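2 protein chains.
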Amino acid sequence: MKELINLIDKTLDEYMRVEYPETIFNAMKYTLMLPGKRLRPVMCLETVRMLGEDIKKALPSACAIEMLHVQSLIHDDLPCMDNDDFRRGKPSNHKIFGEANAVLAGDALLTYAPQTIIEKSKDLTSEQIVRIIHEFTKFGGAYGLIAGQVVDIESEGGKLDKSKEETLDFIHLNKTAVLFRLALKMGAIISKADKKTEKELDNFGKKFGLAFQIYDDIMDEISTFEEMGKTIGKDKEAEKLTYVSLYGLEEAKKRFRVLINECYDIIEKYHSKIFEEILGKLKERVGE
Amino acid sequence: MKELINLIDKTLDEYMRVEYPETIFNAMKYTLMLPGKRLRPVMCLETVRMLGEDIKKALPSACAIEMLHVQSLIHDDLPCMDNDDFRRGKPSNHKIFGEANAVLAGDALLTYAPQTIIEKSKDLTSEQIVRIIHEFTKFGGAYGLIAGQVVDIESEGGKLDKSKEETLDFIHLNKTAVLFRLALKMGAIISKADKKTEKELDNFGKKFGLAFQIYDDIMDEISTFEEMGKTIGKDKEAEKLTYVSLYGLEEAKKRFRVLINECYDIIEKYHSKIFEEILGKLKERVGE
Chain A
1 MKELINLIDK TLDEYMRVEY PETIFNAMKY TLMLPGKRLR PVMCLETVRM LGEDIKKALP
61 SACAIEMLHV QSLIHDDLPC MDNDDFRRGK PSNHKIFGEA NAVLAGDALL TYAPQTIIEK
121 SKDLTSEQIV RIIHEFTKFG GAYGLIAGQV VDIESEGGKL DKSKEETLDF IHLNKTAVLF
181 RLALKMGAII SKADKKTEKE LDNFGKKFGL AFQIYDDIMD EISTFEEMGK TIGKDKEAEK
241 LTYVSLYGLE EAKKRFRVLI NECYDIIEKY HSKIFEEILG KLKERVGE
Chain B
1 MKELINLIDK TLDEYMRVEY PETIFNAMKY TLMLPGKRLR PVMCLETVRM LGEDIKKALP
61 SACAIEMLHV QSLIHDDLPC MDNDDFRRGK PSNHKIFGEA NAVLAGDALL TYAPQTIIEK
121 SKDLTSEQIV RIIHEFTKFG GAYGLIAGQV VDIESEGGKL DKSKEETLDF IHLNKTAVLF
181 RLALKMGAII SKADKKTEKE LDNFGKKFGL AFQIYDDIMD EISTFEEMGK TIGKDKEAEK
241 LTYVSLYGLE EAKKRFRVLI NECYDIIEKY HSKIFEEILG KLKERVGE
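Residue numbers (the working numbering), protein chains in the order written: chain A, 1 to 288; chain B, 1 to 288.
Do not rely on the hints blindly, as some may be mistaken.
As the list claims (entries may be wrong) - In silico DSS-like cross-links for lysine-lysine, where the CA-CA straight-line distance does not exceed 30 angstroms:
#1 A/K196 / B/K120
#2 B/K120 / A/K120
#3 B/K196 / A/K122
#4 A/K199 / A/K122
#5 A/K159 / B/K29
#6 A/K162 / B/K95
#7 A/K122 / A/K29
#8 A/K120 / B/K269
#9 B/K95 / A/K195
#10 A/K37 / B/K138
#11 A/K206 / B/K164
#12 A/K122 / B/K138
#13 B/K254 / B/K269
The set of hints was computed from the structure by calculation and includes no laboratory data.
Please read these numbers as outputs of a predicted model, since none were measured by experiment.
All chains, please: the whole structure from these sequences, using the hints.
Set out below in structure tokens:
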């Protein structure tokens with residue numbers, strides 16, 4: 001796990017050369033290089049490894065998904081969105097570079113991600129690159145990540161088009177699960193997995209994404225700033241729709257455990273130490 | 001010209017289906033569908049036509065470049081950027097949908113543009129699609145459009161790393177010219193033009209882009225809100241670095257005319273009524 005994280009950090013650093021005008025590259029690099037768990041790129045690389053391909057082939061795509069993730073965090077932290085001053089334990093992007101540059105740094109990451117896939121994926125066919133970028137745009141755009149963000153914002157304002165339960169599932173399937181699904185999908189495309197495997201892994205991505213969001217909601221209730229590196233208790237304060245606020249802490253934990261066990265069941269046959277370690281760590285932190 | 005504009009409007013409308021959550025699709029569509037000259041997509045289609053290809057092949061790319069352009073306008077108008085309340089004669093995106101949705105609508109257009117190229121370009125090879133998206137990311141990102149925006153913002157704050165003349169050229173080559181260059185580059189790739197033609201057209205794009213920006217600076221000095229559909233005289237008020245402020249109105253007009261004549265020289269042999277019409281109209285409005 002640590003080896004993969006180091007490889008991703010090193011590769012991201014290599015990809016992000018600082019050129020003129022330095023402000024934009026420094027702003028992009030600042031949030032991107034903050035130490036993180038690199039969960040999404042790790043899962044992309046591990047998918048490729050367990051399907052028998054060389055992980056080097058997946059490095060550009062793995063880094064691209066981290067860029068997409070970081071882009072969404074930078075824009076999410078803006079004063080007009082979640083207005084969060086901290087991210088990964090450090091001041092948010094706009095606190096350092098100003099709002100205008102934070103908006104532009106997000107935009108730049110959103111274009112540099114597919115650019116990286118195209119420029120660095122020497123061992124992939126054009127067909128594979130087109131498929132990977134297609135999934136990137138579907139999961140990262142208005143039919144995925146951004147749909148989740150919008151419904152999240154609207155639900156905070158009390159606007160609900162569907163029931164609370166449906167709305168919450170929609171937000172989390174889109175805002176959170178899509179990036180895990182994308183990580184596994186990219187891995188499957190790079191490894192030329194058959195359709196059945198691709199679908200199975202996609203199902204894992206969905207379940208893991210929901211579990212991860214419930215985990216996040218639980219942590220917002222029981223964790224500390226030091227542990228999470230971001231402002232804690234904001235959801236509660238904002239009376240935000242979360243698994244904990246809707247179902248209560250115990251029921252949220254129960255749902256989390258059911259999903260994590262379903263994830264184990266899907267991934268078991270691949271004998272992946274990395275995936276088992278990730279599932280185990282989340283389970284441990286949520287506790288009994 | 002009008003036929004091409006109608007074709008682009010119709011196709012954009014077709015591509016932009018409004019789905020759940022409607023807010024984001026409505027926000028994307030709002031600024032995208034405001035009546036405009038569609039100069040960049042028109043130039044992309046016309047490049048393909050004059051190089052002997054079917055313009056239908058270029059419709060997805062032409063629409064994608066308009067999405068990229070509109071994305072940059074939406075983010076540019078935000079309070080933390082240019083803080084402009086009007087665009088194309090109507091309230092800016094954030095005045096209608098709020099800042100958070102305007103940020104997200106820009107992000108969504110930036111991902112939907114390459115998604116459109118991939119999903120709608122049935123007649124292009126994967127190699128062509130990869131090349132088109134690669135140019136899109138290079139011209140639209142931190143090595144193009146966004147670099148121009150950043151230096152523009154910094155120069156407004158009085159921060160200059162280079163001379164005023166160099167800085168102004170950098171801003172305009174990146175902020176303005178890249179989108180015209182991209183339009184012609186996409187057209188060349190779709191038409192499978194040889195390298196020499198591609199380079200020649202790229203040179204046209206650069207010169208036209210600079211001429212267009214000088215035109216815009218001149219109009220900010222001598223035009224009205226009704227004519228331009230956006231706030232006029234802002235540059236002067238902000239003591240912004242423009243061709244007019246740096247070289248004076250007469251010298252700016254002179255430079256504009258030199259560039260436009262160079263554009264005529266490059267494009268002449270293609271006998272393109274559309275390009276000649278575009279050049280003629282700009283020339284006419286700037287006057288003697």
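The hints, checked one at a time:
no.	hint	in the structure
1	A/K196 / B/K120	holds, 26 angstroms
2	B/K120 / A/K120	holds, 25 angstroms
3	B/K196 / A/K122	holds, 26 angstroms
4	A/K199 / A/K122	holds, 26 angstroms
5	A/K159 / B/K29	holds, 21 angstroms
6	A/K162 / B/K95	holds, 26 angstroms
7	A/K122 / A/K29	holds, 24 angstroms
8	A/K120 / B/K269	violated, 38 angstroms
9	B/K95 / A/K195	violated, 45 angstroms
10	A/K37 / B/K138	holds, 29 angstroms
11	A/K206 / B/K164	violated, 53 angstroms
12	A/K122 / B/K138	holds, 18 angstroms
13	B/K254 / B/K269	holds, 24 angstroms
Going through the hint list in order, the structure does not satisfy hints 8, 9 and 11.
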